[in-house]
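Build the full structure now, drawing on both the sequences and the hints.
Each chain, written out:
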Amino acid sequence: MTMSTLKTAACGLALLAAPLAANAEDLVVNGEIEMITETEPAAHLDGAVPTVRSGWTFRASETQQLQMDDFENPAMIDADNGMSAWNTAEGAEGKSCADCHGAMEDSMGMVRATYPKWNEEAGEVRNIQMQVDDCRVNQMGAEPYGLDSRPMLAMEAAISSVGRGQVVDVAIDGPAAETWEMGKELYYTRFGQLDLSCASCHELNYDNYIRADHLSQGQINGFPTYRLKNARLNGTHSRFRGCIRDTRAETFAVGSEEFLALELYVASRGNGLTVEGPAVRN
Amino acid sequence: MADNVTPRVRVPRDAAAGDTITIKTLISHPMESGQRKDSDGNTIPRSIINRFTCDFNGESVMEMILEPAISTNPFIEFQAVVPESGTFAFTWYDDDGSVYEESKDIAVS
Amino acid sequence: MSFSRRETILMALGAAAATALPMQARAAIEDAIAAFTDGAEPGEGGITLTAPEIAENGNTVPVEVSAPGAASITILAAGNPTPDVATFNFGPLAGAQAASTRIRLAGTQDVIAIAKMEDGSFVQASQEVKVTIGGCGG
Numbered sequence: 058m059t060m061s062t063l064k065t066a067a068c069g070l071a072l073l074a075a076p077l078a079a080n081a082e083d084l085v086v087n088g089e090i091e092m093i094t095e096t097e098p099a100a101h102l103d104g105a106v107p108t109v110r111s112g113w114t115f116r117a118s119e120t121q122q123l124q125m126d127d128f129e130n131p132a133m134i135d136a137d138n139g140m141s142a143w144n145t146a147e148g149a150e151g152k153s154c155a156d157c158h159g160a161m162e163d164s165m166g167m168v169r170a171t172y173p174k175w176n177e178e179a180g181e182v183r184n185i186q187m188q189v190d191d192c193r194v195n196q197m198g199a200e201p202y203g204l205d206s207r208p209m210l211a212m213e214a215a216i217s218s219v220g221r222g223q224v225v226d227v228a229i230d231g232p233a234a235e236t237w238e239m240g241k242e243l244y245y246t247r248f249g250q251l252d253l254s255c256a257s258c259h260e261l262n263y264d265n266y267i268r269a270d271h272l273s274q275g276q277i278n279g280f281p282t283y284r285l286k287n288a289r290l291n292g293t294h295s296r297f298r299g300c301i302r303d304t305r306a307e308t309f310a311v312g313s314e315e316f317l318a319l320e321l322y323v324a325s326r327g328n329g330l331t332v333e334g335p336a337v338r339n
Numbered sequence: 083m084a085d086n087v088t089p090r091v092r093v094p095r096d097a098a099a100g101d102t103i104t105i106k107t108l109i110s111h112p113m114e115s116g117q118r119k120d121s122d123g124n125t126i127p128r129s130i131i132n133r134f135t136c137d138f139n140g141e142s143v144m145e146m147i148l149e150p151a152i153s154t155n156p157f158i159e160f161q162a163v164v165p166e167s168g169t170f171a172f173t174w175y176d177d178d179g180s181v182y183e184e185s186k187d188i189a190v191s
Numbered sequence: 235m236s237f238s239r240r241e242t243i244l245m246a247l248g249a250a251a252a253t254a255l256p257m258q259a260r261a262a263i264e265d266a267i268a269a270f271t272d273g274a275e276p277g278e279g280g281i282t283l284t285a286p287e288i289a290e291n292g293n294t295v296p297v298e299v300s301a302p303g304a305a306s307i308t309i310l311a312a313g314n315p316t317p318d319v320a321t322f323n324f325g326p327l328a329g330a331q332a333a334s335t336r337i338r339l340a341g342t343q344d345v346i347a348i349a350k351m352e353d354g355s356f357v358q359a360s361q362e363v364k365v366t367i368g369g370c371g372g
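Protein chains in written order, with our numbering: chain X, 58 to 339; chain P, 83 to 191; chain V, 235 to 372.
Check the hints yourself; a few may be wrong.
With a straight-line Cα cutoff of 25 Å, these simulated DSS-like cross-link-like pairs (lysine-lysine) come out [to be verified]:
id, chain 1, residue 1, chain 2, residue 2
1, X, 286, P, 119
2, X, 174, X, 241
3, V, 364, X, 286
4, P, 186, P, 106
5, X, 286, P, 106
Per label pair, the in silico range of CB-to-CB distance [claimed, not checked]:
id, chain 1, residue 1, chain 2, residue 2, range
6, P, 139, X, 162, 33 to 43 Å
7, P, 191, X, 162, 24 to 34 Å
8, P, 123, X, 97, 50 to 60 Å
9, P, 95, V, 284, 22 to 32 Å
10, P, 116, X, 177, 45 to 55 Å
11, P, 95, X, 118, 25 to 35 Å
12, V, 367, X, 152, 47 to 57 Å
Bear in mind the hints are in silico, worked out from the structure with no lab data behind them.
Beta carbons are placed, not taken as given, at the ideal position from N, Cα and C, and that holds for glycine.
Laid out in C-alpha cells, this is it:
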C-alpha cells in the first residue's frame with residue numbers, strides 16, 4: 058500500500074462519486090445456469106442494505122464476461138482438477154470421494170448453497186474445506202489437503218461448480234446461532250490502524266470507490282474465486298485475511314474460529330443470491 | 083515443465099464444407115514473465131509458453147508467438163476454414179522445451 | 235519542417251503518450267515497431283484493434299486484432315518493460331485474419347497493433363488503455 062493510499066483511506070475514505078453500475082445484464086453461465094445477482098435482503102439483515110448484490114454486478118463488463126462461459130473462466134481448469142481428484146482413490150483405505158458419495162453432480166449439488174453448516178455428529182459448525190479434510194483423514198486415511206491449499210481450492214471449486222444456480226440458504230438458527238452471532242459481531246468490529254470494520258466498506262460504502270477500487274458488498278457466493286489480481290483461485294478465509302491486513306491489523310488465521318464464524322455470517326448476508334463459485338473477480 | 087499444464091480446446095463437432103468456425107484454446111500455465119522478484123529479491127526466471135500452432139490436416143491455420151506480456155493461463159481465440167473432415171492439431175511450446183499437444187476431429191458434411 | 239523516421243513514429247504514437255514515456259521506453263517501442271516493419275512506415279486503416287478503454291486489472295486485458303488480408307499481425311505495448319506482446323502468423327486455412335487473447339499491461343499506455351499485408355505493406359492501429367490502480371484489493 059502506498060503512502061498516498063494510506064492517506065486517502067485514513068482521512069475517512071475519500072470516496073469518489075460512483076458512476077452508474079456497470080452493464081447490468083443478466084448473468085447466465087454457459088447459456089443455461091441463470092443466476093440471481095440482485096435480490097431482496099434476508100430478514101435477519103434488518104434493512105442494512107436495500108438490495109443484496111453479487112460481486113459480479115460490481116465488475117467491469119470484460120471481467121463479467123469471463124464468468125459467463127466455463128471455457129473462458131480460468132477457474133474451471135482447477136474445478137476440472139478437483140473433479141478428477143473426486144474420482145481418484147487415495148489414502149490407506151483405497152477409496153475415492155466418489156466411492157462413498159457417488160457422482161459429485163448427484164450428491165453435492167446443495168452443499169455449496171448451505172455451508173457453513175452445523176455438523177451434529179461433530180458438534181460444531183463446519184465449512185466445506187473442514188468437511189473435505191475430515192473425510193480425507195478419517196474416511197480415506199489420506200493426508201489432509203490443508204485449508205486454502207491449491208488442491209483444496211480445486212476440490213471446493215468443483216463442489217461449488219455443481220451447485221451453481223442454487224439459491225444460497227445457510228441456516229443461522231438452532232445450534233449455528235452462537236457462531237452466527239460471533240460472526241456478526243466481528244463484521245461490525247473495527248480493526249487496525251485504519252479503524253475499519255467489514256461494514257465500513259461493504260455495507261456503508263459499497264458501490265463507491267476507494268481510489269480506483271469499486272467496493273462491492275463483500276458477498277462470498279462466488280468463492281472460491283479466480284482473481285485477476287493473482288490469476289488463481291482464492292479462498293474465503295484468505296480473502297478475509299487480505300481485507301483485515303489492509304486495515305493494518307493483525308489478522309486471524311485461515312481456519313480460525315473467528316473466520317469460520319465470519320464465513321457463516323457473511324454467507325448468510327448473501328442468502329437469496331445464487332451460488333456462483335468459482336466466479337471471476339478483480 | 084511447469085506443474086499441472088492442461089490444454090483445453092473448443093472446436094465445433096461438425097460443420098459444412100468451407101465453413102468458417104471459431105476455435106478457442108486455454109492452457110493452464112503461470113507465464114512467469116522474468117520481471118518479478120521473489121521475497122528475497124531474486125529475479126524469478128522467465129518461464130512461458132513462447133509459441134502456439136494450429137494446423138488442420140497438416141496445413142497451417144495460425145501460428146502465434148507469445149511474449150511474457152501474455153496473461154497467465156493463455157487464452158487464444160481465432161477462426162479456421164474447414165474444407166473437409168479431418169483433425170485439428172494444437173501445439174504449445176514451453177520455454178523449458180516441453181511441448182503440449184491436443185487434437186480435435188471435426189466432421190464436415 | 236522535416237521529420238526523421240524516429241520522430242514520425244513518435245508522433246504517430248500520440249504526443250501525450252510520447253512525452254509521458256521515459257526515453258528508454260520510447261526507444262524500445264520504436265525498435266519493436268521497426269523490427270516488425272523492417273523500417274517501413276505503417277499506414278492507417280484496414281486494421282482494427284479492440285481493447286477496453288479502462289482495464290479493471292492490468293494482469294488480464296482482453297484484446298482483439300483484425301486485419302482482413304493480413305499475413306501477420308503483431309501487438310505491442312508501448313509502456314511495458316518490453317513492448318512485444320504477441321505476433322499472429324496466419325496460414326492458408328485461417329478463417330479470418332483476426333485473433334483474440336488476454337494481455338498484461340504494466341500501467342496506462344498505448345496498445346499498438348501492426349499488420350503486415352499480403353503485398354508487404356504495413357498498417358497500424360493504436361488505442362490507449364487506462365489501467366486502474368487499486369486502493370486496497372485485499
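A quick look at each hint next to the structure:
1. X/286 <-> P/119: Roughly 16 Å separates the two Cα atoms, so the pair holds.
2. X/174 <-> X/241: Holds, at roughly 16 Å.
3. V/364 <-> X/286: holds (16 Å)
4. P/186 <-> P/106: holds (12 Å)
5. X/286 <-> P/106: Holds, at roughly 23 Å.
6. P/139 <-> X/162: 33 to 43 Å: holds (36 Å)
7. P/191 <-> X/162: 24 to 34 Å: Distance hint for residue 191 of chain P, residue 162 of chain X holds at roughly 33 Å.
8. P/123 <-> X/97: 50 to 60 Å: Holds - the Cβ-Cβ distance for residue 123 of chain P and residue 97 of chain X, about 51 Å, lies within 50 to 60 Å.
9. P/95 <-> V/284: 22 to 32 Å: holds (29 Å)
10. P/116 <-> X/177: 45 to 55 Å: The hinted range 45 to 55 Å holds for residue 116 of chain P and residue 177 of chain X, with Cβ atoms some 53 Å apart.
11. P/95 <-> X/118: 25 to 35 Å: holds (30 Å)
12. V/367 <-> X/152: 47 to 57 Å: Between residue 367 of chain V and residue 152 of chain X, where Cβ atoms are some 49 Å apart, the hint holds.
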